[in-house]
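Each chain, written out:
Number of protein chains: 4
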Amino acid sequence: MTAIWDDVISLDERKAYEAAGFGKRSGIGTRPALLIIDVQYRTIGTEPKPFWDSIKEFPTSCGEVGWKAVSQIEKLLPVFRKNGWPVIYPYVAPKEAFDTGRLADKVPALMGVAAKGYEFVPPVAPAAGDILLPKRHPSAFFGTPLTSYLINNAVDTLVVTGCTTSGCVRGSVVDAFAYNYRVVVPHDAVYDRSHTSHLVNLFDMSAKYADVMSTDETLDALSKI
Amino acid sequence: MTAIWDDVISLDERKAYEAAGFGKRSGIGTRPALLIIDVQYRTIGTEPKPFWDSIKEFPTSCGEVGWKAVSQIEKLLPVFRKNGWPVIYPYVAPKEAFDTGRLADKVPALMGVAAKGYEFVPPVAPAAGDILLPKRHPSAFFGTPLTSYLINNAVDTLVVTGCTTSGCVRGSVVDAFAYNYRVVVPHDAVYDRSHTSHLVNLFDMSAKYADVMSTDETLDALSKI
Amino acid sequence: MTAIWDDVISLDERKAYEAAGFGKRSGIGTRPALLIIDVQYRTIGTEPKPFWDSIKEFPTSCGEVGWKAVSQIEKLLPVFRKNGWPVIYPYVAPKEAFDTGRLADKVPALMGVAAKGYEFVPPVAPAAGDILLPKRHPSAFFGTPLTSYLINNAVDTLVVTGCTTSGCVRGSVVDAFAYNYRVVVPHDAVYDRSHTSHLVNLFDMSAKYADVMSTDETLDALSKI
Amino acid sequence: MTAIWDDVISLDERKAYEAAGFGKRSGIGTRPALLIIDVQYRTIGTEPKPFWDSIKEFPTSCGEVGWKAVSQIEKLLPVFRKNGWPVIYPYVAPKEAFDTGRLADKVPALMGVAAKGYEFVPPVAPAAGDILLPKRHPSAFFGTPLTSYLINNAVDTLVVTGCTTSGCVRGSVVDAFAYNYRVVVPHDAVYDRSHTSHLVNLFDMSAKYADVMSTDETLDALSKI
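Chains as they are written, first to last, in our numbering: chain U, -3 to 221; chain S, -3 to 221; chain P, -3 to 221; chain Y, -3 to 221.
These aren't lab readings, by the way, just hints derived from the structure by calculation.
Honestly, I wouldn't trust all of these hints.
Below, simulated DSSO-like cross-link-like pairs (lysine-lysine); rule was C-alpha separation at most 27 angstroms, straight line [claimed, not checked]:
hint, chain 1, residue 1, chain 2, residue 2
1, Y, LYS220, Y, LYS64
2, P, LYS112, P, LYS71
3, S, LYS91, U, LYS64
4, Y, LYS112, P, LYS11
5, S, LYS11, U, LYS91
6, U, LYS20, S, LYS91
7, U, LYS20, S, LYS52
8, P, LYS11, Y, LYS64
9, U, LYS71, U, LYS112
10, P, LYS78, P, LYS64
11, U, LYS45, U, LYS71
12, U, LYS112, S, LYS20
13, U, LYS11, S, LYS52
14, S, LYS11, U, LYS52
15, Y, LYS78, U, LYS91
16, U, LYS91, U, LYS45
17, U, LYS220, U, LYS78
18, P, LYS112, P, LYS52
19, S, LYS11, U, LYS112
20, U, LYS91, S, LYS20
21, Y, LYS11, U, LYS78
22, P, LYS112, S, LYS91
23, P, LYS52, Y, LYS112
24, P, LYS11, Y, LYS91
25, P, LYS220, P, LYS78
26, S, LYS91, U, LYS11
27, P, LYS220, P, LYS11
28, P, LYS91, S, LYS78
29, U, LYS91, Y, LYS112
30, P, LYS112, Y, LYS20
31, Y, LYS11, P, LYS112
32, S, LYS91, P, LYS78
33, Y, LYS220, P, LYS11
34, U, LYS45, S, LYS11
35, Y, LYS11, P, LYS45
36, Y, LYS64, Y, LYS112
Chain U stretches covered by chain Y per the calculated footprint, using a threshold of three residues with CB under 8 angstroms from any CB of chain Y [what the hints assert, rightly or not]:
hint, segment
37, 88 to 94
38, 119 to 132
Bear in mind the structure is a predicted one, so any value in this text is a computation, not a measurement.
Every residue, glycine too, gets a C-beta built ideally from N, C-alpha and C.
Next comes chain U alone, as it looks inside the complex (with noise of 0.2 angstroms):
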């Protein structure tokens, strides 16, 4: 079996992985939710452009990656809706006097984003009904009552989508995972300023915590519920 992460993590490693017993499916449940990471215009710009035109706009953009991301996120989006499944937003809180702190420390140019940039991308905004969730910190349990709306919403299974993939993705589908949800990754509906960290992070997730697929595979599964 081949899996997008074949060119950067090696053949010894993988088989490493499997010897150890890495790897094996969650599988879905039976009451998916969708979260939607982050899709605001300082992620990916205003349209589609290089990395490196698109950071002079946003220098937390990631570019054109993020909009053929968003393209997969079409796809899923109304599945959810037409099923009634929770459509959640974990979103980049526009800062605070107050928050200074690590963040301000490791990454101060994340401080001075124009208000611009903490807009939703219009073919993936929330809609009535969606649940929002502004969120400080890179996973969107930290801080947030995420869990307590999944509760009353009796989510089994999290489909988790937009960015960064190495970052408040990763965050969150690893508290995903401590609080025993299931949690599909779909691969091209995440992305990330690095490609390698990209791929290695799916690596990571796809061996211990989320089952990592291509979104047509996430829609097929869905289809089954």
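Mind docking chains S, P and Y on chain U? Use the hints.
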């Protein structure tokens, strides 16, 4: 400036992160604690052996790379004890019959590790006064009272060691960052069964969550508190 | 309608709460779990005795009122086991040398309880398959993976028993409510060393967080699931 | 020593708590923060009125007792601002369409409070530099990044004011205690719609979680830091 991940993360990717403003230092505070995560026989075996031999004893073993990291942790440990800085051992709790869930789904091999595997590795085992923290999930913060111990001890900085770089270390570092602790990851005192994943996770943490440096550099920084 | 707290909470106060809209029922779901909190010898003694005698054995004992509640928990327990509903034992973990902090400040007597005091009370002790949850703080959710177990078991309702009404029961109920679990507190299956505080905490929980009813009413409601 | 709850908690009950070792002081540290919880028009009305008149404006109003507490908070606030100690406003976030759940079940009247009710009460309203913390659940810690702000500001002590004593104040105090913060509750700077519940919750907190004293005693203690 060169970094240990330069062979895996391309120059173009590194430039992209730099242009976007990532990877600044968060620095060290005045009251550090040492986290020694999962340094139990189950992650390195009862004696140093190459990976493929070591996993015959424990499928979860990382083999020789783990023993090398232990020799670095041995340098850090006396410094913390001498200064009266907290030494904390988040460790994998032996599995109970009721520990089903996503971990058992994704990595069933983890559920049958022999009791010996849960013992601490002698050179860096807990001593009287250290804080023991059994855990059932990747992050040392998840489902544990770690934050309460840190607050009680007025800790502002965490030096995170142990394993795996891409698993419990990464998960703990992301949470520590979110709680606004200053985080140092000595790259030669953490270990993983995949060298690629080890390096990319160090790159990710250095870009966004922690100051990554060698154990010797860490010792030097601590000596200046 | 009369309630057990009518002698302590004045009619005027009860009318005020009613006028303000408090105290509606949240109801029972379809998948309940039973929490038996801190029913260890330390909270009732090794045999039924009046309070003032019982605290000579364990200063933390509530005495006879605890034994009465245990006899009610004995009615609930077989119903959960028979239906395969989760039975969960959040319990006070024996103190370690590193367990200093605010609890040791406020109630130093708690730090020296004899080992015998941590044993479960036989009539309602854990059986194979039950979930054990050592805790160091009042709420069964705080610093424990309780939520992960509940999500893994698709629980939507918690029946909370044990002690003390004003301490670990109250703390756990407030958190359960915040997580959006439906909560039932059988008022004769929880106990406290202060009768007044017991009643007022039941009133508070009934007004805002839980459905408070007798064990018999609880059994009746459970029989209709 | 007399206490404000002596008329509600019997002498025998108070002796029982004393014999069992409860109610010692945890003391004040060196870096306090002030929590002003839910002091919005919805909890006291837009002007001081007796309870039964005030709830006509907002069903959640506590009426005149709230205004009296506000006058005490007015004494504390300048001391914190002058010393550069953090001032934090956990407040009830306006309800969204997706805020169904147990709160809507138990207290449906809370879901329809007019927008004006969410405004801060002018005499103790936030100023530039204060930390704002919208919340959806009783405790100021639940589903919020409060701990991250406290750690970033090296806080070791919380002075908790606002309302209600038996609701969000109590819930926040229990969590603050569990996180090992030293907690002071100035009994005349917190308020509740039930005087009995107010007093018993103060007794509970004093016995187990916090140092309860008057605002004047709090000011005196703070002056010695």
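The hints, checked one at a time:
As the CA atoms of Y:LYS220 and Y:LYS64 are separated by approximately 26 angstroms, the hinted pair is consistent with the 27 angstroms bound. Between P:LYS112 and P:LYS71 the CA atoms are separated by roughly 25 angstroms; this keeps the pair inside 27 angstroms, and the hint holds. Restraint check for S:LYS91 and U:LYS64: the C-alpha separation of about 42 angstroms exceeds 27 angstroms, so the hint is violated. A C-alpha spacing of about 26 angstroms is found between Y:LYS112 and P:LYS11, which places the hinted pair at or below 27 angstroms, so the restraint holds.
Taking the CA atoms of S:LYS11 and U:LYS91, the gap is near 26 angstroms; set against the 27 angstroms cutoff, the hint holds. The straight-line distance between the Cα atoms of U:LYS20 and S:LYS91 is roughly 19 angstroms, inside the 27 angstroms bound, and the hint therefore holds. Between the alpha carbons of U:LYS20 and S:LYS52 the distance comes to roughly 20 angstroms, so the proposed pair stays at or under 27 angstroms and holds. Pair hint P:LYS11 plus Y:LYS64 holds up; C-alpha atoms about 22 angstroms apart against a cutoff of 27 angstroms.
For the hint linking U:LYS71 to U:LYS112, the alpha-carbon distance of about 25 angstroms falls within 27 angstroms, and the restraint holds. Pair hint P:LYS78 plus P:LYS64 holds up; C-alpha atoms about 23 angstroms apart against a cutoff of 27 angstroms. Proximity of U:LYS45 to U:LYS71 is assessed by CA-CA distance (about 22 angstroms); at most 27 angstroms being required, the pair is judged to hold. Restraint check: the Cα-Cα separation between U:LYS112 and S:LYS20 comes to about 25 angstroms, which is no more than 27 angstroms; the hinted pair holds.
This hinted pair checks out: U:LYS11 and S:LYS52 have alpha carbons roughly 14 angstroms apart, not beyond 27 angstroms. Straight-line distance between C-alpha atoms of S:LYS11 and U:LYS52 comes to about 14 angstroms, which keeps the hinted pair within the 27 angstroms bound. A distance of roughly 25 angstroms separates the Cα atoms of Y:LYS78 and U:LYS91; the hinted pair therefore holds under the 27 angstroms criterion. Of the supplied pair hints, the one linking U:LYS91 and U:LYS45 holds, its CA atoms being roughly 25 angstroms apart against a limit of 27 angstroms.
Under the criterion of a C-alpha separation no larger than 27 angstroms, the hint pairing U:LYS220 with U:LYS78 is consistent with the structure, at around 15 angstroms. Annotation: proposed proximity of P:LYS112 to P:LYS52 holds, straight-line Cα distance about 14 angstroms (limit 27 angstroms). This hinted pair checks out: S:LYS11 and U:LYS112 have alpha carbons roughly 26 angstroms apart, not beyond 27 angstroms. A C-alpha spacing of about 19 angstroms is found between U:LYS91 and S:LYS20, which places the hinted pair at or below 27 angstroms, so the restraint holds.
A distance of roughly 62 angstroms separates the Cα atoms of Y:LYS11 and U:LYS78; the hinted pair therefore is violated under the 27 angstroms criterion. In summary, the hint linking P:LYS112 to S:LYS91 is supported, as the alpha carbons are separated by about 25 angstroms, within the 27 angstroms threshold. Our distance criterion of 27 angstroms between C-alpha atoms is broken by P:LYS52 and Y:LYS112, whose separation comes to about 56 angstroms. Of the pairs offered as hints, the one joining P:LYS11 and Y:LYS91 holds, with about 26 angstroms between alpha carbons and a cut-off of 27 angstroms not exceeded.
Distance check on the hinted pair: P:LYS220 and P:LYS78 sit about 15 angstroms apart at the alpha-carbon level, within 27 angstroms; holds. A distance of roughly 26 angstroms separates the Cα atoms of S:LYS91 and U:LYS11; the hinted pair therefore holds under the 27 angstroms criterion. Of the supplied pair hints, the one linking P:LYS220 and P:LYS11 is violated, its CA atoms being roughly 31 angstroms apart against a limit of 27 angstroms. Under the criterion of a C-alpha separation no larger than 27 angstroms, the hint pairing P:LYS91 with S:LYS78 is consistent with the structure, at around 25 angstroms.
Straight-line distance between C-alpha atoms of U:LYS91 and Y:LYS112 comes to about 25 angstroms, which keeps the hinted pair within the 27 angstroms bound. With a C-alpha separation of about 25 angstroms, the suggested pair P:LYS112 and Y:LYS20 falls inside the 27 angstroms cut-off, and the hint holds. Note on Y:LYS11 and P:LYS112: the hinted pairing holds, with a Cα-Cα distance of about 26 angstroms set against a maximum of 27 angstroms. Proposed proximity of S:LYS91 and P:LYS78 is supported: the alpha carbons are some 25 angstroms apart, at most 27 angstroms.
For the given pair, Y:LYS220 sits about 44 angstroms from P:LYS11 by alpha-carbon distance, which is inconsistent with the 27 angstroms threshold. Annotation: proposed proximity of U:LYS45 to S:LYS11 holds, straight-line Cα distance about 18 angstroms (limit 27 angstroms). Straight-line distance between C-alpha atoms of Y:LYS11 and P:LYS45 comes to about 18 angstroms, which keeps the hinted pair within the 27 angstroms bound. Of the pairs offered as hints, the one joining Y:LYS64 and Y:LYS112 holds, with about 21 angstroms between alpha carbons and a cut-off of 27 angstroms not exceeded.
Coverage of the segment 88 to 94 of chain U by chain Y holds. Counting CB-CB distances below 8 angstroms, 3 residues qualify, and the rule asks for three or more. Note: the segment 119 to 132 of chain U has 6 residues with beta-carbon separation from chain Y under 8 angstroms; the three-residue rule is met and the coverage holds.
When each numbered hint is compared with the structure, violations occur for hints 3, 21, 23, 27 and 33.
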